[in-house]
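In order, the protein sequences belong to chains H and B. If you count by my numbering, then the first sequence holds residues 1382 to 1540, one letter each, in order. If you count by my numbering, then the second sequence holds residues 33 to 649, one letter each, in order.
Hints are computed from structural coordinates only; laboratory data are not their basis. Don't take each hint at face value.
Capping the alpha-carbon separation at 25 Å, the derived lysine to any residue pairs in SDA-like fashion look like this [what the hints assert, rightly or not]:
1) Lys53/B <-> Gly138/B
2) Lys349/B <-> Lys1526/H
3) Lys609/B <-> Val1496/H
4) Lys1529/H <-> Cys604/B
5) Lys1529/H <-> His613/B
6) Lys349/B <-> Gly1428/H
7) Lys1516/H <-> Gly508/B
8) Lys589/B <-> Ile1480/H
9) Lys356/B <-> Ile1509/H
10) Lys349/B <-> Gln1411/H
11) Lys500/B <-> Arg1525/H
12) Lys642/B <-> Arg1525/H
13) Lys349/B <-> Lys1529/H
14) Lys488/B <-> Val1496/H
15) Lys500/B <-> Ile1509/H
16) Lys1526/H <-> Ala74/B
17) Lys1522/H <-> Val648/B
18) Lys500/B <-> Leu1446/H
19) Lys1425/H <-> Val327/B
20) Lys1522/H <-> Lys356/B
21) Lys1442/H <-> Pro612/B
22) Lys500/B <-> Asp538/B
Counterexamples of contact, computed for chain B against chain H with all Cβ distances above 12 Å [as the list claims (entries may be wrong)]:
23) Gln69
24) Gly138
25) Glu232
26) Asp257
Glycine is no exception: its CB is placed at the ideal position from the N, C-alpha and C atoms.
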Amino acid sequence: MAKINLDSILEGRRSQPHMLVEVLLDLQDQEGYLPEEALKTVSKELGVPLIDVYRVAHFYKAFSLKPRGKNLITICTGTACHVRGSDLLVNQVRGQLGIEPGETTADGQITVECVNCVGACALGPIVIHNDAYCKNMTPGKLRRKLDKAAGRKKEAKDA
Amino acid sequence: MPRVSHAKDLEIIRSQADGRKSRTRLELVIPNGTCCQASGSAALIDAVRAELARQGLQQDVSVRVTGCLGFCEQEPMILVEPGNILYCQVSAKDAAEIVSRTVKKGEVIDTFLFLDPVSGKRIEKEADIPFYKAQSRQLIHMNRFVDPFSIEDYIATGGYQAIAKALKEFKPSAVIAEVKASGLRGRGGAGFPTGRKWEEAHEAPGDEKYVICNADEGDPGAYMDRCVLEANPHAVLEGMMIGAYAVGASKGYIYVRREYPLAVKHCRIAIQQAREYGLLGENILGSNFSFDVEVARGGGAFVCGESTALMTSIEGKVGEPRAKDVHTVREGLWGRPTVLNNVETWANVPSIVLNGAKWFASRGTERSKGTKILALTGRVKNTGLVEIAMGTPIRTIVYDIGGGPKNGNRIKAVQTGGPSGGCLPERLFDLPVDFDALWDAGSMMGSGGMVVMDDKTCMVDVARYFLKFLLDESCGKCVPCRVGIDRMLEIVTDIAEGRGRPEQLDLLQELAETVAEASLCGLGKSAPNPVLSTLRYFMEEYKAHVLEKRCPAAVCKALVTYSIDAEKCTGCGVCLKACPHDSITGEKKKPHVIDAALCQRCGICIGECKFDAITVL
């Protein structure tokens, strides 16, 4: 495995324990998750015991200790999206991909997550595909998006 | 780059901006906030710019890319000034027509104008649109004048004049007196008087003090803070500068949720620009006042919106709250006196200093002054950000501004204040929106989310939704919140799934009151509000679930059956393909049927059917 470069993330933050959350956020953005090796380095460089690094990594929802799929599909389940049917989107994922929110498909193509609110409430339900915001989502639109992300046409039902 | 070292430097920048403006004939304002981008505003902006260049019009027309103008549902939009003409739901392919007809010839293109869903008429001017008309826009109104990447735009609107005035004319105690006299109360939820908070921090002993902007807008259904921070970050910075001067702080933090990447970016740019202009740093505007601001990002924990939890999060630790036996104005961030206000509160400060407390207090009610931005969402015709004078009745907001119910449904409630707030029934819609009236009715202002619910919304499901949310977000430090929410959810789930027993309703009430009483922080104390308010106002829905095993809104899955109306079904096969559970069968062009044993009641078929043939009972 290629060694992870933490220099730009740690720049100007070394030996400053209070920078832990910021450093982990950048690491998460760079790698898509928090690799164990990198956490050990962070612990050493910031001067935070490894157990505290893990505690913070577990506490905040932004962090993932497992690698994520190539496509990150984030379903907003805020109140406004909920009353407009974001539940149906979660059901679509369960039915179509056979995974629960927070999980990744076996082929590593798609990770689905739920988020409590992304603040685009007037346009709900919202789904974010990697960085692109998609408004007024329906199960049908999501199905096509997931098919595309998985890189295949929907297989014939009886196949 | 100009350095602002004196108040008159601001004047120079201002007059230069005015000069530039007088050289252009038209201005196209195109909002490009997060919600606008979800609707494709970025492509529209590129297309308009390209088209202006192609037709050789860049010189006499300026394009201003701004933050959100509030009417999110109608985005992407273009506001043409002068003329106040608003084009709604336009896209990149419309750019050529807009440039050649409106920009070049001054024509108004009818088909791009707002189509009022209530009257069915097109409306030309933004100011005449009912959604805007009943509002009292102070903060959001500024968004159209400011490109968030341009500090000069902000200065041109009179920006940084307030801090200049404060530094020159006011002692810190006089600033505090002014803010106190204005009656400004915290916009984050609890409505604590801002001036009093500042005064306590000002009087607290210590050389090192902090100011923090709470932009951890975790309440689902509220996004006014994102909008203000994205659209007008310098207003927030200026508010913080004034606060820092008043309490004697030299360092500030803006704590933004990471779920708002655009707000994070705009804040960072604004801070960088303010530093370059000398408006942050040492000896600001030639005074003895020095101040700097840093952005700290949240990690996606709702509890970090609570002041003590937020501060431990900035310290790089797990964001758990602590008991507030000593207030954060005395012992806050790193144990130092700290003032924490929310985005909207900070953004209100400059105009109070500039225009005076009396001006600010001229709007609002006896005990709630000024305006409040609400996020009007859910099942109404017009959704978006709404800024009203405090005291405006809920009915005005839902019906006049929101345009009333969608699809002929009946509106039955509004939910205010997010997971800490409650649901208010239609019969209370004459209540004025202010801190105290909402609180007395069993809800709260919260940060200003207002989700409209109609007869297709089940109130038991709403209570269940919030309990699930809170269970997920409870940090687990204290028992009443950690265990109490779990037990409440257990009961409400029983009720929603048809296992409810009548005596559970009393138990639920009792449990809710105990959690409210005994929890450690504001999250736990207010967690039972959704349950308590739905029990109080929508008992008949709970009873229908418990006694008749029926969900009146046909939402609770365990209590409904899906079927296909053979009269309406055309046998097109769309639902059959869409159903992920293979529960629909039927021949092409003949009515399909749903196998009740296989049906998971996911509702996906409803969204797919174009003929309204799927019924839920």
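(request) Determine which of the earlier numbered hints do not hold for this structure and return their numbers in increasing order. (result) Per hint list: 2, 3, 7, 9, 11, 13, 20, 21, 23 and 26 violated.
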